[in-house]
Each structure stands twice: as structure tokens, then as C-alpha cells.
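Participant: Sequence:
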Amino acid sequence: MFKRFYCLLFVLCVCSSSLFSQHFMQSAGATISAITGTVKIPGGSESFGLSQTNLTYFPRFNFVENEHSSISVGAPIGLGIAIVTNTIGNDVGISFAYDLPLVVDYNIGCKSTKDNDRSFGGYVGAGFGYYKINISNSEYSNYNGATYGPMVRGGVRFKLPNWDSYALTIGMYYKKGMEADKLTTIGFNVLYDF
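Heads up: the sequence shown begins at 610 in my numbering, then just goes up one per residue.
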């Protein structure tokens with residue numbers, strides 16, 4: 610279901626970028642996510658914590674615009690691989706994760722639209738996220754699951770010196786899982802807007 614939805618979103622973004630290029634915007638960078646909670650295991654439960662860095666690509670489409678602000682829909686998609694360590698027996702594992710959120714943001718100032726020339730701005734928004742985690746090659750920390758649920762987000766954007774058409778976005782988000790383990794995710798991202 611999620612794969613079909615994101616394929617459709619990607620096709621819409623590509624088509625809209627050629628038909629309505631003034632409304633299509635994009636950025637890329639990195640997102641660091643901290644996922645915590647208690648997971649059920651055979652015979653009980655145990656605390657779970659993971660920090661994951663993902664490469665992030667964020668296409669968004671402004672469906673409402675004015676001179677100083679916009680409302681957009683987008684998908685800050687992330688993909689990453691990390692090494693996970695566990696203090697029990699000096700255990701080491703490999704973590705693979707991907708992040709598939711869909712968000713609606715209110716953007717103001719810098720990079721809220723293609724034509725906005727303000728040097729500073731920001732955004733606030735909400736959406737729904739799906740985060741898949743797979744830890745392997747670890748004796749004590751094997752975990753294969755997903756966390757999904759509603760999210761809130763916000764951040765600031767500012768122009769880079771001597772790069773008039775480019776900006777940097779620094780943002781964060783919070784998501785509370787709806788799955789059985791109800792994992793909590795807090796993420797921070799740095800994105801290059803182009």
C-alpha cells in the first residue's frame with residue numbers, strides 16, 4: 610500500500626515539476642532520528658533505543674501560494690545504513706532503515722515559494738510517517754519492525770551567503786507510534802534547498 614502511494618506521489622511530483630515548475634520545490638540532506646520505547650520479546654519486553662542517520666530527499670509541491678507564504682504537500686523520504694552497538698557482550702549489528710513520511714507544511718519567508726527572496730523563513734507542519742527498521746548480524750539486538758503514526762514538525766530556512774537561489778533548512782519532528790510497541794521518534798534534519 611505504501612509503495613503504491615509513494616510511486617504515485619513521485620509520478621505526480623515529476624509531472625507537476627514539468628507542468629507547474631514554479632510550484633515544485635526540492636531539497637536534500639541528512640536526517641538523524643532517535644527511536645525509543647519498549648518492545649515485546651518472547652518472555653517479556655525490553656527497552657529499545659536506536660539512533661539512525663538517513664540520507665533524505667524532500668520533494669514538495671506548493672498547492673497554495675502568495676507573495677510571502679505557501680502551503681505544501683511533500684514526502685521527506687530517507688534511507689540509511691548504520692552500525693549498532695550493544696553493551697551486552699560488546700555485540701555489534703548492522704541497521705538498515707527507511708523513512709516514508711507524508712507531510713503538509715505552512716511555509717513562510719525564505720524558500721516558501723520559488724520567487725520569495727527573503728533571507729530568512731521557516732515552516733510548521735504535520736503529517737503521517739512510516740519508519741521501517743531492520744537490525745541484523747547482532748546476537749542480542751536483532752529487531753525487524755516498523756513504527757508509524759502522526760507527526761508534527763517545524764524548522765527554519767535561511768539563504769546561504771553568496772548563493773542567492775539556494776538555502777539551508779534546519780528542522781525537527783516528533784512522531785508517536787500507533788503500532789503495538791508505540792515507539793517514539795524524534796528527528797533532526799539539515800537540508801540543502803535547491
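These are calculated hints, taken from the structure and not from any lab test. Idealized CB from N, CA, C, for every residue including glycine. Careful, some of the hints might be misleading.
Under the rule of at most 30 Å between Cα atoms (straight-line distance), these lysine-lysine pairs were calculated in the BS3-like manner [unchecked claim]:
#	residue 1	residue 2
1	741	649
2	768	741
3	768	649
4	649	791
5	791	741
6	723	649
Distance ranges between label pairs, derived from CB positions [said to hold, decoys possible]:
#	residue 1	residue 2	range
7	705	676	26 to 34 Å
8	643	729	22 to 30 Å
9	735	779	14 to 22 Å
10	728	653	29 to 37 Å
11	677	789	41 to 49 Å
12	783	664	52 to 60 Å
Participant: Would you mind marking each hint as holding or not holding in the structure?
Facilitator: Hints and how they fare:
no., hint, result
1, 741 with 649, "17 Å, holds"
2, 768 with 741, "33 Å, violated"
3, 768 with 649, "46 Å, violated"
4, 649 with 791, "11 Å, holds"
5, 791 with 741, "13 Å, holds"
6, 723 with 649, "47 Å, violated"
7, 705 with 676: 26 to 34 Å, "43 Å, violated"
8, 643 with 729: 22 to 30 Å, "27 Å, holds"
9, 735 with 779: 14 to 22 Å, "19 Å, holds"
10, 728 with 653: 29 to 37 Å, "54 Å, violated"
11, 677 with 789: 41 to 49 Å, "44 Å, holds"
12, 783 with 664: 52 to 60 Å, "21 Å, violated"
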